[in-house]
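Enquirer: Listed below, chain by chain, are the residues.
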Amino acid sequence: MNSRESILERLARNSPPDSSLPVLPVTKTELPNAVEKFTAVLEGIGGSVVQVTNWNEINVYLNKYFATQGRWINRVPELTNMDESVEFGVDPHQYENVLVTILKGDFGVAENGAVWITDDKMGDRALPFICEHLVVIIHSKDIYPTLHEAYDHTDQSDYNFGTFIAGPSKTADIEQSLVLGAHGPKSMTLFLLKES
Amino acid sequence: MTTATGNKSHAATTSDHADLAGKFNKDEPRVDWHDQTLWFIRKKRDKAAWQIPEWEELREAASQIKNNVLSNLRSYLLEFERNAQQNGITVHWAADAEEHNRIVYDILEKAGIDKVVKSKSMLTEECHLNEYLAAKGVEVIDTDLGERIVQLAGEPPSHIVLPCIHWKKEEIGQLFSEHLGTPEGNSDPQFLTAAARIHLRQHFMSSRLAITGVNFAVAETGEFVVCTNEGNADLGVQLADIHIACMGIEKIIPKRKHLGVFLRLLARSATGQPITTYSSHFRRPRKGQTMHIVLVDNGRSERLGSADFRNALKCIRCGACMNTCPVYRRSGGHSYHYAIAGPIGAILAPGLDMKKHADLPFASTLCGSCSHVCPVKIDIHDQLYRWRQVLTQNGHVGFLKTTSMKGMSAVLSSHNLYQFAGSAGRWLLKHLPFLINNRFNAWYKQREMPRSPGKSFGEWYRANRKHGDE
Numbered sequence: 001m002n003s004r005e006s007i008l009e010r011l012a013r014n015s016p017p018d019s020s021l022p023v024l025p026v027t028k029t030e031l032p033n034a035v036e037k038f039t040a041v042l043e044g045i046g047g048s049v050v051q052v053t054n055w056n057e058i059n060v061y062l063n064k065y066f067a068t069q070g071r072w073i074n075r076v077p078e079l080t081n082m083d084e085s086v087e088f089g090v091d092p093h094q095y096e097n098v099l100v101t102i103l104k105g106d107f108g109v110a111e112n113g114a115v116w117i118t119d120d121k122m123g124d125r126a127l128p129f130i131c132e133h134l135v136v137i138i139h140s141k142d143i144y145p146t147l148h149e150a151y152d153h154t155d156q157s158d159y160n161f162g163t164f165i166a167g168p169s170k171t172a173d174i175e176q177s178l179v180l181g182a183h184g185p186k187s188m189t190l191f192l193l194k195e196s
Numbered sequence: 001m002t003t004a005t006g007n008k009s010h011a012a013t014t015s016d017h018a019d020l021a022g023k024f025n026k027d028e029p030r031v032d033w034h035d036q037t038l039w040f041i042r043k044k045r046d047k048a049a050w051q052i053p054e055w056e057e058l059r060e061a062a063s064q065i066k067n068n069v070l071s072n073l074r075s076y077l078l079e080f081e082r083n084a085q086q087n088g089i090t091v092h093w094a095a096d097a098e099e100h101n102r103i104v105y106d107i108l109e110k111a112g113i114d115k116v117v118k119s120k121s122m123l124t125e126e127c128h129l130n131e132y133l134a135a136k137g138v139e140v141i142d143t144d145l146g147e148r149i150v151q152l153a154g155e156p157p158s159h160i161v162l163p164c165i166h167w168k169k170e171e172i173g174q175l176f177s178e179h180l181g182t183p184e185g186n187s188d189p190q191f192l193t194a195a196a197r198i199h200l201r202q203h204f205m206s207s208r209l210a211i212t213g214v215n216f217a218v219a220e221t222g223e224f225v226v227c228t229n230e231g232n233a234d235l236g237v238q239l240a241d242i243h244i245a246c247m248g249i250e251k252i253i254p255k256r257k258h259l260g261v262f263l264r265l266l267a268r269s270a271t272g273q274p275i276t277t278y279s280s281h282f283r284r285p286r287k288g289q290t291m292h293i294v295l296v297d298n299g300r301s302e303r304l305g306s307a308d309f310r311n312a313l314k315c316i317r318c319g320a321c322m323n324t325c326p327v328y329r330r331s332g333g334h335s336y337h338y339a340i341a342g343p344i345g346a347i348l349a350p351g352l353d354m355k356k357h358a359d360l361p362f363a364s365t366l367c368g369s370c371s372h373v374c375p376v377k378i379d380i381h382d383q384l385y386r387w388r389q390v391l392t393q394n395g396h397v398g399f400l401k402t403t404s405m406k407g408m409s410a411v412l413s414s415h416n417l418y419q420f421a422g423s424a425g426r427w428l429l430k431h432l433p434f435l436i437n438n439r440f441n442a443w444y445k446q447r448e449m450p451r452s453p454g455k456s457f458g459e460w461y462r463a464n465r466k467h468g469d470e
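Those protein sequence lines, which keep their order, are chains E and Y. The opening residue of the first sequence carries number 1 in the working numbering; numbering runs sequentially from there. The opening residue of the second sequence carries number 1 in the working numbering; numbering runs sequentially from there.
Hint data in this document are derived by calculation from the structure and do not stem from the laboratory. We put the beta carbon where it would ideally sit given N, CA and C, even for glycine. Wrong hints could be hidden among the right ones.
Some chain Y residues judged to face chain E by a derived CB distance under 7 angstroms, without partners named [claimed, not checked]:
#1 ARG74
#2 LEU192
#3 THR193
#4 ARG197
#5 ASP241
#6 LEU263
#7 ARG264
#8 ARG284
#9 SER301
#10 LEU304
#11 SER452
Given the sequences, and given the hints that come with them, work out the whole structure.
Expert: As structure tokens, then:
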């Protein structure tokens, strides 16, 4: 008997009687102050939240606050004049010197400030993690109160890789002192777009 | 470094929790600092939990999901295997630690790889993978900052979430100046973290293989979730040609929607954060990448057959029970001489090796605080109590403890003997205290007995009760 069979045999022999799955906790599906809550939580864990009403405001903000001479990779077609032609899917190591990565997120979660991003929007899976500064854009209407609604929403989506990102990379391993920028981005700027 | 870890864990087997805690306790200000740091994290956990009105409902749901998992583990594992394979992931089964290590090494050897980056995985600690690979000439770089610190120091982690919680920043500064060449005397956390970032970035860039742990694996979709704050798991994996994820078989959950319950509980219970910075869902390897999952039993399927102790398999490794434990906070993680310290470690370890870990269930006051904060409602302190009985029945408890307990039992079950023992004890404490208060009596370490009362409560009551009182 190989290990797989012997493990399965022991599990069959030792499993306790069936115990049914619970009904999941229900939260309020409507959250009137979702934007405020999301903003407060994400800023509380080191992210910056910027509310804008059109794409050009994002252009202006980025050009004002980020060094334009570094390497930027923009995956958002609505933003202009800042793309470089990159062939994705070759070697992720080539992004080591990326200063700013700009991505679209799917939605945000108010209770924890996290943004859901799938690999089809990343270009390369390494990009959100390897850059110095991460910029993500979501529509302000796409904020769910809790993770329950978030998972309900993505239940049918077929991503290869997806991640919740909540703020910049961080650590408090040295005497519980919080330091932003452990291995990944040192900052995360989140644009909430509310088009009129 | 890994051989040093091996030496240390080997040496630890000759000392029990009380001895090792005794060493830790020699530096009293340090014990106070350790105690207060962990209590601070416990308070952050409370604050985070109180912000969720349905917190208790969530704990109950998590507990019930895990109960369901334990009763259907076989079918969920098969469902997971099928879906993961369809997703292009290679699934391996390991009956024990040795087989797990061999599987990982085989993958490395076939690919001709002699250096790996590894993010935090308590399972690989449990299996002593680092030592195994080091003996085969493979360099393992732990990439979690805390884990890298203890790795450079040749120590195992002392806490499953906060691996170097027992280290002072000045000591880390010294360690880094020796190993990373930082200026001597600089112990600023911001500076040291930046130095570690540069040091580890080189390893991320040059490693073709990354090993990660697994927080949750979803049977329904064959995907698995890895949570970090630093982003070290992702940086390793997204840059490597090969990803090996190692998981205990109990990490399976039935459906994606159950992630909502567990991710709401995990980081809040662990550090008081609303969620970890990164919660990455791996479903299919990227183009050109190979992905492996190693499903490890190592005693879990046997543990499942024990009604008294199977609930420990519900653990999601948040560390809340350690942060709250009055014994852990004052004795340090290394006193448990096992990969997982604290209350949960003390009920997991004897299941693997009863003789080696017979001391651990006694490293508790049975106050119940661990069970109270556990996000999946494991009856930790009840299991600690039950382990004590099992260990005694199996002859793993020392002669002195067994004899004194038998003596105590005889005294407490006889009225006359109890009365005599009480008055004899009071007399001895008063007239010949050195017979009790001496270095052979462990109860006198860091303690003084109260002054002996003149009489027992029974005697006092008889003298003072008013007529008519019953």
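Enquirer: Would the hint on LEU192 (chain Y) stand, with a C-beta cut-off of 7 angstroms toward chain E?
Expert: 6 angstroms, holds
Enquirer: Once the shortest beta carbon distance from ARG197 (chain Y) to chain E is found, is it less than 7 angstroms?
Expert: ARG197 (chain Y) check passes; min Cβ-Cβ to chain E is 6 angstroms, inside 7 angstroms.
Enquirer: Does ARG74 (chain Y) hold up as a contact with chain E if the rule is Cβ-Cβ below 7 angstroms?
Expert: 4 angstroms, holds
Enquirer: Answer holds if the nearest beta-carbon of chain E is closer than 7 angstroms to that of THR193 (chain Y); otherwise answer violated.
Expert: 4 angstroms, holds
Enquirer: Please check whether ARG284 (chain Y) passes as an interface residue: C-beta within 7 angstroms of a C-beta belonging to chain E.
Expert: 4 angstroms, holds
Enquirer: Let's test the interface hint: is any C-beta of chain E closer than 7 angstroms to that of LEU304 (chain Y)?
Expert: This hint holds: LEU304 (chain Y) lies near chain E, its Cβ roughly 4 angstroms from the closest one there, short of 7 angstroms.
Enquirer: Against chain E, run the beta carbon of SER452 (chain Y) and see if the smallest gap drops under 7 angstroms.
Expert: 44 angstroms, violated
Enquirer: Should the interface hint for SER301 (chain Y) be scored as holding, given a Cβ-Cβ cut-off of 7 angstroms against chain E?
Expert: 4 angstroms, holds
Enquirer: Once the shortest beta carbon distance from LEU263 (chain Y) to chain E is found, is it less than 7 angstroms?
Expert: With Cβ-Cβ at 6 angstroms, under 7 angstroms, it holds.
Enquirer: Quick check on the hint: ARG264 (chain Y) CB to chain E CB, less than 7 angstroms?
Expert: 5 angstroms, holds
Enquirer: Return the status of the interface hint for ASP241 (chain Y): holds when the least beta-carbon distance to chain E is below 7 angstroms, violated otherwise.
Expert: Violated, because the Cβ-Cβ distance from ASP241 (chain Y) to chain E comes to roughly 10 angstroms (cut-off 7 angstroms).
Against the hints set out earlier in the document, violations occur for numbers 5 and 11.
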